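Read off the chains here:
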Amino acid sequence: MVEVVRGLTGWGRTAPTMARVGSVTSAESVAEILRARPVRGVIARGLGRAYGDAAQNAGGTVLDMTSLGKIHDLDLRNGRITVDAGASLGDLIAVLVPLGWFLPVVPGTRHVTVGGAIASDIHGKNHHLEGSFCDHVRSFELVTPKGDQVTVTPETPAGIFAATAGGMGLTGVIVSASIDLLAIETAHMAVDTERAGDLEQVMARMTSGDADHRYSVAWIDCLAHGRQLGRSVLIRGDHAPARDAPDLRRRSASSAVSVARLAAPRWMPNGLLRHSTVAAFNEAYFRHAPTRELGRLQPLHGFFFPLDAMRDWNRMYGRQGFLQYQMVLPFGAEASLRMILERLSGAGAAACLAVLKRLGPGRGLLSFPTSGWTLALDLPATSDLVGLLDALDLLVANAGGRVYLSKDSRLRPELLSSMYPDLESWESVRQGLDPNRVMRSDLSRRLGLGTTAATQS
Amino acid sequence: MKDSLGSVQSVLVLGGGSDIALATVRLLVADRTRKVILAARAPERLAGVMAELRCAGAQTVEAVAFDADAIDSHDRLIDDIFDRHGDMDMVLIAFGRLGDQASMLENHQEAAGLIHTNFTGSVSVLLAVARRLRTQGHGSLVVLSSVAAERVRRSNFIYGSSKAGLDGFAQGLGEELTASAISLLVVRPGMVHTKMTKGMKSVPFATTPEKVAAAIVAGVRRNARIVWVPAPLRGVMFVLRHLPTPLFRRLDL
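Those protein sequences? They're chains A and B, same order as listed.
Read left to right, the first sequence gives residues 1 to 457 (the numbering used here).
Read left to right, the second sequence gives residues 1 to 253 (the numbering used here).
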C-alpha cells in the first residue's frame with residue numbers, strides 16, 4: 001500500500017494532524033498492515049464526515065477505505081445487501097432505490113461509508129421506531145488488530161459486535177457488511193410540517209405524534225429566548241405509497257440521488273456564521289415554514305439529505321472551522337434540556353442547524369443512542385465556547401446523558417465514564433481484541449480510550 | 001491532543017522556572033492540561049510549584065534539569081522526555097538571561113555567552129523539539145520573543161538582539177513547520193515585571209506574567225502566529241520601528 005503523509009481533519013476542519021494515509025484495495029492488505037503494527041498505530045477512515053478527530057491518527061497510519069466499495073451480493077427477494085465497507089450510503093441508495101429498496105437507517109448526509117456507519121452506529125430520523133444502523137446489520141467482516149478476518153454477528157461471543165457497533169474503529173477494521181433493507185414503493189416522501197411556538201409545544205407534539213410517523217425531526221431555533229425558547233419546525237414523514245404518487249415516475253433514481261450543483265467556495269472568511277446572521281436566518285426559516293401542512297410530497301434526497309445540496313458546505317465557517325455538539329438526555333430530564341437551551345441562547349452562541357429528535361433504547365457498548373431527547377447543533381469554533389460547552393457537558397453527564405463521540409472534538413476525558421456506563425465493558429472487549437494497541441486515533445488519545453494514563457501516544 | 005478549541009492536555013516548558021512559564025502552566029492546568037514537564041536550570045527549586053500544580057489537577061508533573069548552554073545535551077534530554085512521557089501537545093520556550101549590559105559592553109566573552117544561551121541554546125532546543133513534534137504528527141510551539149524583535153533599544157541591545165535573532169529564527173521555523181501541522185506562536189511582550197526584571201525602571205506598556213500567559217493561551221487557541229502583549233504594542237512598535245533614528249534616540253529608551 002502506497003502511503004502519503006497528509007494533514008487530516010474531521011468535517012469541522014479543526015485540529016489538523018499529520019498521518020501516513022494509504023488507500024486500501026483489498027481486505028488481505030488490511031490484515032497485513034495490522035499485523036505489521038505500524039508506528040503510532042492505525043485507524044480506518046471513510047469519507048471523513050465525523051466532525052472531530054475520530055478518523056485521524058497523528059504520526060500514525062490512516063487507512064483510506066473509500067476504494068473498497070464493491071457490492072458482493074444483492075438479495076432483492078428478502079431485501080439484503082452484502083457490500084464492502086468503503087461503499088458510501090449514497091452509492092448504495094443510487095443502486096437500491098430504482099429496485100424498490102432503501103436503507104432502513106440513514107443519517108443526515110449520504111456521504112458516509114458503511115464502515116463508518118457501523119463504527120459510529122449512526123442513527124437517523126427514525127430511531128424512535130427503527131433503532132440505529134447496527135440494528136439492521138446482520139453481520140460484518142472485521143479484520144482484528146491481530147490480523148485475523150472474522151465474521152461478526154450479534155451472537156458472536158466476547159461481545160465483539162456490541163463493542164464494534166459505535167466502537168469508533170478501535171476494535172479493528174470493518175471490511176464488509178451484510179445489511180437488511182427496507183422495501184419502498186416510490187422515491188418520494190409524504191411530509192407533514194408544523195410550527196411549534198416553544199419547547200413545551202414541540203416536545204409534546206413529538207411525544208404524542210412520533211409513533212404515527214416513521215421519520216420525525218424538529219429543526220429548533222437555539223437562539224430564541226424567553227417565551228419563544230425552543231421554537232421549532234417539526235417535520236415528520238413516511239415513504240409515499242404508490243397510490244399517493246401516481247403521476248410521478250416510480251422509483252426514479254434521480255429523485256433519490258441528486259448531484260450537488262452548488263459548492264461552497266474554497267475560501268470563506270471567519271465569522272460569516274455569527275449570532276446576528278444565524279438569528280436572521282433562523283427568523284426567516286421559522287416564518288417561511290408552514291404553520292401546519294400535511295401530506296406534501298417531497299423527493300427522498302430533499303427530505304433525508306438537505307445539506308448534501310451544497311458540496312463542502314463546511315467551508316462556510318472559514319479557516320477557524322466549526323464543531324458540532326450533539327448530546328442525548330434521558331426522558332424525564334426535560335428540565336435539563338430547557339436549561340441547555342437557556343444557556344445557549346443566553347451565551348449568544350451562534351448555534352446553527354440545530355435539530356431535536358427522540359431516540360429509543362440503544363445497544364452498543366460505546367454507541368451513542370439511548371432513550372431520550374437528542375439535540376445536535378453546529379457552532380463556529382471560537383475560543384469563547386470552552387467554558388460554555390464544558391458546562392453543558394457537566395449538565396448532560398449529571399442528567400444521565402451523553403455526548404456523541406462521532407461529533408465530538410473537545411470533550412474532557414474525565415466525563416467519559418459517567419456518560420458511557422458500559423465503558424469498562426467496552427475496554428475489556430477492546431483489550432482482548434487489541435492488547436498491543438494497534439488501533440489508535442486522535443480521539444482515542446484525547447479521550448484516553450484504550451490507553452493507560454502513563455503512555456499517552 | 002489539542003482539541004478543536006485549542007485546549008491542550010500536555011505541556012513541556014523549557015525554562016520551567018520563569019514567572020511567565022509558571023503563569024502559563026497554571027492557566028493550562030486550570031483548563032484541561034494534565035501532564036506538565038518543567039525543564040529548568042534548577043529543577044529542585046520547583047518542588048512547591050509542582051505540588052501546587054498537582055493540587056490543581058495535574059496528574060503527571062515532573063521537573064528535569066535543562067542546561068540551555070549545553071547544546072550536545074539537548075537531543076538526549078528531549079528524546080528522554082518524549083520517550084518517557086509520550087506526546088507533548090504544547091512546548092513553550094521560556095528561558096533567557098537578561099545579563100548586565102554595562103558589564104557585557106566591557107567583556108565580550110560575557111556578551112557572547114548571553115547570545116549563546118538566549119539565541120543559540122534556543123535554536124538548538126527548538127530544532128530538537130521540532131524533530132519530535134514532526135514524528136508525533138501534531139504540536140504547538142510557543143517561543144517567547146520580545147518587542148525588541150521590532151526595534152532593539154540602546155539600553156539593553158545585547159539582550160534585545162538575542163531576542164531579535166530568536167524571533168527571526170522562530171518565524172522561519174514556523175513557516176517550515178506549517179506543512180507538518182505544527183503551529184508556532186511567537187510572543188512579543190513589552191517589558192514584563194518578573195523576577196528577571198526586578199528593580200528595573202518601568203516603561204510604558206509594561207505588562208505582567210499573568211497577562212502574557214493569557215495571551216499565550218489565547219494565541220494557541222486561535223493558532224495565531226504572532227501575539228503582542230499588550231496588544232496595542234503592535235501599533236506602537238510599528239511606529240517606533242519607522243521612527244527616524246534622531247527621533248528614536250531622543251526617546252532615550
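Simulated from the structure, these hints should not be mistaken for lab results.
Just so you know, not all the hints are guaranteed correct.
As the list claims (entries may be wrong) - Quick list of simulated restraints, FRET-style, between CB atoms:
hint, chain 1, residue 1, chain 2, residue 2, range
1, B, 131, A, 72, 57 to 63 Å
2, A, 201, B, 214, 26 to 32 Å
3, A, 151, B, 172, 52 to 58 Å
4, A, 414, B, 73, 55 to 61 Å
5, A, 421, B, 70, 48 to 54 Å
6, A, 274, B, 127, 26 to 32 Å
7, A, 312, B, 200, 49 to 55 Å
8, B, 232, A, 414, 35 to 41 Å
9, B, 175, A, 23, 56 to 62 Å
10, B, 127, A, 424, 19 to 25 Å
11, B, 54, A, 35, 40 to 46 Å
12, A, 268, B, 200, 43 to 49 Å
Unchecked claim - Partner residues are not named here, just some residues of chain A that face chain B (Cβ under 10 Å, in silico):
hint, residue
13, 18
14, 37
15, 39
16, 57
17, 60
18, 74
19, 78
20, 386
21, 414
22, 416
23, 417
24, 418
25, 445
As the list claims (entries may be wrong) - Some chain B residues well away from chain A (every beta-carbon gap over 12 Å; in silico):
hint, residue
26, 1
27, 3
28, 6
29, 34
30, 57
31, 87
32, 136
33, 137
34, 139
35, 182
36, 218
A quick note: this is a predicted structure, and the numbers were derived from the prediction, not measured.
C-beta atoms are modelled at their ideal positions from N, C-alpha and C, and glycine is treated no differently.
Of the hints given before, which are not true for this structure? 1, 2, 4, 6, 9, 10, 14, 18, 19, 22, 23, 24, 26, 27, 28, 29, 30, 31, 32, 33, 34, 35, 36
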